[in-house]
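**Q** Let the sequences and hints guide you as you build the complete structure.
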Amino acid sequence: MKSFTTQMAWRNVWRNPRRSVLTMASVAFAGLILIFMLSWQFGSYDTMINSAVSIHTGHLQVQAEGYHDKRRIGQVVERPDAVAKVVERTKGVDTYTTRASAFSLVSSEDRTYAALVVGIDPEREPAVSTLESLVRKGSFLAPDDGYQALIGRLLARNLKVDVGDEIVLLGQGRDGSIAASAVRVKGVFESGQDEFDRSTVQIPMAAFQEVYAMRGGVHELVVVCESLDSVPAVKQRLASTLPGVEKGLVVLDWKELMPGLVQSIQMDLISGFIFYVILILVVAFSILNTFLMAIFERKKEFGVLLALGSTPGRISRMILAECGVMTGLGIAAGVVLGAAVTLYFEAHGIAFSGAEEILRQFGLPERMYPELSLLSATVGAGVVLLITSFAVIYPALRVLRLRPVDAISTIQ
Amino acid sequence: MHTLMAWRNIWRNPRRTLVILTAVVIGVWSMIFLGALMRGLTNQYLEIGISTLTGHIQVHHQDFRSDPVIQNRIDRPGRVAEALEPLLPPGSHWTERIRVNAIANTARHAQGVTLVGIDPEREARVSFIGGAVKEGNYLEPDDPYGILVGKALAEDFETRLDRRVVLMSLGVDGKVASRAFRIRGIFRAETEATEKQYMFVTMAAARDMLGLERGVTEAAVLLPSHELTGKTAEALERRLPTPPLAVQTWRDLLPLVRVTIELYDTFIFLWFLVVFIAMAFGIVNTLLMAVFERVREFGLLKALGMRPRGIVQGVLTESFFLLLLGTAAGNALGVLSVNLLAESGIDLSALAGRLAEVGMRRVGYPQLQAGGFRLANVVVFVLGIVVSLYPAVKAARFTPVEALAHT
Numbered sequence: 001m002k003s004f005t006t007q008m009a010w011r012n013v014w015r016n017p018r019r020s021v022l023t024m025a026s027v028a029f030a031g032l033i034l035i036f037m038l039s040w041q042f043g044s045y046d047t048m049i050n051s052a053v054s055i056h057t058g059h060l061q062v063q064a065e066g067y068h069d070k071r072r073i074g075q076v077v078e079r080p081d082a083v084a085k086v087v088e089r090t091k092g093v094d095t096y097t098t099r100a101s102a103f104s105l106v107s108s109e110d111r112t113y114a115a116l117v118v119g120i121d122p123e124r125e126p127a128v129s130t131l132e133s134l135v136r137k138g139s140f141l142a143p144d145d146g147y148q149a150l151i152g153r154l155l156a157r158n159l160k161v162d163v164g165d166e167i168v169l170l171g172q173g174r175d176g177s178i179a180a181s182a183v184r185v186k187g188v189f190e191s192g193q194d195e196f197d198r199s200t201v202q203i204p205m206a207a208f209q210e211v212y213a214m215r216g217g218v219h220e221l222v223v224v225c226e227s228l229d230s231v232p233a234v235k236q237r238l239a240s241t242l243p244g245v246e247k248g249l250v251v252l253d254w255k256e257l258m259p260g261l262v263q264s265i266q267m268d269l270i271s272g273f274i275f276y277v278i279l280i281l282v283v284a285f286s287i288l289n290t291f292l293m294a295i296f297e298r299k300k301e302f303g304v305l306l307a308l309g310s311t312p313g314r315i316s317r318m319i320l321a322e323c324g325v326m327t328g329l330g331i332a333a334g335v336v337l338g339a340a341v342t343l344y345f346e347a348h349g350i351a352f353s354g355a356e357e358i359l360r361q362f363g364l365p366e367r368m369y370p371e372l373s374l375l376s377a378t379v380g381a382g383v384v385l386l387i388t389s390f391a392v393i394y395p396a397l398r399v400l401r402l403r404p405v406d407a408i409s410t411i412q
Numbered sequence: 413m414h415t416l417m418a419w420r421n422i423w424r425n426p427r428r429t430l431v432i433l434t435a436v437v438i439g440v441w442s443m444i445f446l447g448a449l450m451r452g453l454t455n456q457y458l459e460i461g462i463s464t465l466t467g468h469i470q471v472h473h474q475d476f477r478s479d480p481v482i483q484n485r486i487d488r489p490g491r492v493a494e495a496l497e498p499l500l501p502p503g504s505h506w507t508e509r510i511r512v513n514a515i516a517n518t519a520r521h522a523q524g525v526t527l528v529g530i531d532p533e534r535e536a537r538v539s540f541i542g543g544a545v546k547e548g549n550y551l552e553p554d555d556p557y558g559i560l561v562g563k564a565l566a567e568d569f570e571t572r573l574d575r576r577v578v579l580m581s582l583g584v585d586g587k588v589a590s591r592a593f594r595i596r597g598i599f600r601a602e603t604e605a606t607e608k609q610y611m612f613v614t615m616a617a618a619r620d621m622l623g624l625e626r627g628v629t630e631a632a633v634l635l636p637s638h639e640l641t642g643k644t645a646e647a648l649e650r651r652l653p654t655p656p657l658a659v660q661t662w663r664d665l666l667p668l669v670r671v672t673i674e675l676y677d678t679f680i681f682l683w684f685l686v687v688f689i690a691m692a693f694g695i696v697n698t699l700l701m702a703v704f705e706r707v708r709e710f711g712l713l714k715a716l717g718m719r720p721r722g723i724v725q726g727v728l729t730e731s732f733f734l735l736l737l738g739t740a741a742g743n744a745l746g747v748l749s750v751n752l753l754a755e756s757g758i759d760l761s762a763l764a765g766r767l768a769e770v771g772m773r774r775v776g777y778p779q780l781q782a783g784g785f786r787l788a789n790v791v792v793f794v795l796g797i798v799v800s801l802y803p804a805v806k807a808a809r810f811t812p813v814e815a816l817a818h819t
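In the order they appear, the protein sequences are chains Y and A. Residue numbering for the first sequence follows the working numbering, starting at 1 and increasing by one per position. Residue numbering for the second sequence follows the working numbering, starting at 413 and increasing by one per position.
I should point out that these hints are in silico values taken from the structure, not numbers from a laboratory. The model shown is predicted, which means the values in this text are computed figures rather than measured ones. Errors might be hidden in some of the hints.
As the list claims (entries may be wrong) - If you want a taste of the chain Y side facing chain A, the calculated C-beta under 7 Å gives, among others:
no.	residue
1	S26
2	D110
3	T112
4	Y113
5	A114
6	I278
7	V282
8	F285
9	L288
10	M293
11	E357
12	I358
Cβ atoms here follow ideal geometry from the backbone N, Cα and C, with glycine treated the same way.
**A** Shown next, in the form of structure tokens:
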């Protein structure tokens, strides 16, 4: 059974349905916008992280300490097989692959460019990265390919080479010797990220280790976990077991590997919040008027209630309940509408015509999908509730100051 | 008459008017201020892009952009100068460069870089490098072996002033040309990427290294304002032999910057609409309250012979005053806060760490722009009046009899 106060409050809300509905609508609007926008933001972060993780870094990498900063060819994981065994047995690890890389000169018949030559494991790489699916011409590497290479589309264009042509790699081996070799272009890949497509050549790990005198070492052991959420746990497990296999190794997660990505996400999140807070402030002041009116119109009524023996606290609670019902219903409607709009776009996507270029550089597809989650729904609703409740508190406190005699004699 | 009555009417309940004004003021202020902040950020992004060896207009050999090698060069730069100089609006600067891909080597390190041969004096007026050297000295015009390297690259290479760097690139004869340079200066740039990408030598040194007698790979023009770009580029295109030469503006050369600016513009407009809708609920509700309180009054006015149009006009005038006061105060606050922060800027690094790595500056300087200003005010005013039609028409519909019976 509803208490008497709430029952009165509920009836009071519907004494002026038009005004109440408008008030609730403005709260609902704020809720709708917030839930949609947050779902949008979180969805795009997920896409950005997943695409960066799957093209570049994986969830975790095992590297020699200092390799991430200095990138010296001599900073290697000496016993990749032993490390891989430990990684494979670690709980939460989905799969792994090894990579090694060396900055080199890449020459075709009449052009020379600088590029990063990456040794990959042709068998394991497709499970870790999307590289195989990015091959646009020719085909992906096979384990027994020997001296063949995949090359980025822009680099291929700059070098004026195509599938089947020969390119020469010239760099420095692990032992300081000159590393030189001719490789045949087997495939051309295109990630859409210009920097990557302009400056990368992939060759099989066996060939890489031979050319660059790696003596069995690799630079990175790239680990993919079962999910993004399991990364911290896996990282901790690996950090405790690895020193038993090989000294001087570190485990870096994708945040440490791509600090720029994390920063742009933080930046976006924070600027988003500034916008949301301002939006809700506008809404709060819009509804404050309704709440205030609900009191000043009814001074006389409150005066009578007070004279009849109702305590100011009780009236204040009734006001709180009235305003609470309106914001509560508004937020509920906002959540429902926000979820509906978000789900619609989650199914259909939103196309950004004209912005494909910029989206591709961040590894985002041209059609984007917001992602409704418990988090985006609750954060959105929570923020609206928090700020609008300030608009509720003032009128409720104001009522406490009413004096029965003055209130009754108010002329309306 | 209407005006005076409307003005008095909105002050019959000052508290209510002040509350709704606050909502309008916050809304308008946020439109102006956040609009200016975002405009400031995109402008900065554009300025950095333009000063990082782009300029407003560039002239190249038509194949240079897809195949940036010394073979695709402007063979007779004198013709470009002839065509360009009479066209330039006062306050413009221009320079010529040789820009090629190269590999930089020290004893222990090697990396791909962009080698830029410059005319030090003219270059300083066009791009960032003139004021960017923080250690050592800028290049002398005839320095045959001096080179400027970026701070981040120097750190990567573990090298410093007066050390040697060997550069290799494709020469005019199609063979690898190399030359040793001595670090004369270390420069800082807005982004680490720029510091790692570019190395500067004198034009003479670059020509000598590549085996080039004359000719440059590009001419870059810096105009006194962005708006002059399109017109000047078109005029230049008519006066130059195109092909083999090609004229490009920053819009072609910096597609990412262009798209970012367009995206921000769209976002700002949507943001204006969203804030306005939030405000509109409050405006409508407040006016409705004001109207319903005065049912008897409207009935009386009608009984006395006022036409519905007059009532609509009266209510709209009230809304007009509300909007006028709200936008005036919002604009004033907006301009004030922008001016306060335009000098010192807002340090965004506190929010997100080292932004320089992402290619953004740490400090945002809000910048007022007539366009954004106008848009905000037009959105609020026009749409504000439009939504006020609802309560106004409501007020005009009361018939005298039912209104006077209303208690």
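**Q** For the restraint on I278/Y, tell me whether the closest CB of chain A is nearer than 7 Å.
**A** Check passed: Cβ of I278/Y comes within 4 Å of chain A, closer than 7 Å.
**Q** Hey, does the I358/Y contact hint survive, CB to chain A under 7 Å?
**A** OK, holds: I358/Y within 7 Å of chain A, min 5 Å.
**Q** Mind checking the CB of V282/Y against every CB in chain A and telling me if the closest is under 7 Å?
**A** 4 Å, holds
**Q** Restraint: E357/Y near chain A, CB-CB cut 7 Å. Satisfied or not?
**A** Holds: closest Cβ of chain A sits about 6 Å from E357/Y, inside 7 Å.
**Q** Next item in the hint list is D110/Y. Is there a CB on chain A closer than 7 Å to its CB?
**A** Holds. Min distance 6 Å.
**Q** Does A114/Y meet its interface restraint, that is, does its C-beta lie within less than 7 Å of any C-beta in chain A?
**A** 2 Å, holds
**Q** Taking the least C-beta to C-beta distance, is L288/Y closer than 7 Å to chain A?
**A** Given a least distance of 5 Å, the restraint on L288/Y holds.
**Q** Restraint: Y113/Y near chain A, CB-CB cut 7 Å. Satisfied or not?
**A** 6 Å, holds
**Q** Restraint: S26/Y near chain A, CB-CB cut 7 Å. Satisfied or not?
**A** At about 3 Å, which falls below the 7 Å cut-off, the nearest Cβ of chain A leaves the hint on S26/Y intact, so it holds.
**Q** Are F285/Y and chain A close enough, Cβ to Cβ, to be under 7 Å, as the hint says?
**A** Holds: closest Cβ of chain A sits about 3 Å from F285/Y, inside 7 Å.
**Q** Should the interface hint for T112/Y be scored as holding, given a Cβ-Cβ cut-off of 7 Å against chain A?
**A** At 5 Å from the nearest chain A Cβ, T112/Y passes the 7 Å test, so the hint holds.
**Q** Can you verify the interface hint for M293/Y: is its Cβ closer than 7 Å to any Cβ in chain A?
**A** 5 Å, holds
Checked against the numbered hints given earlier, the structure satisfies every one of them.
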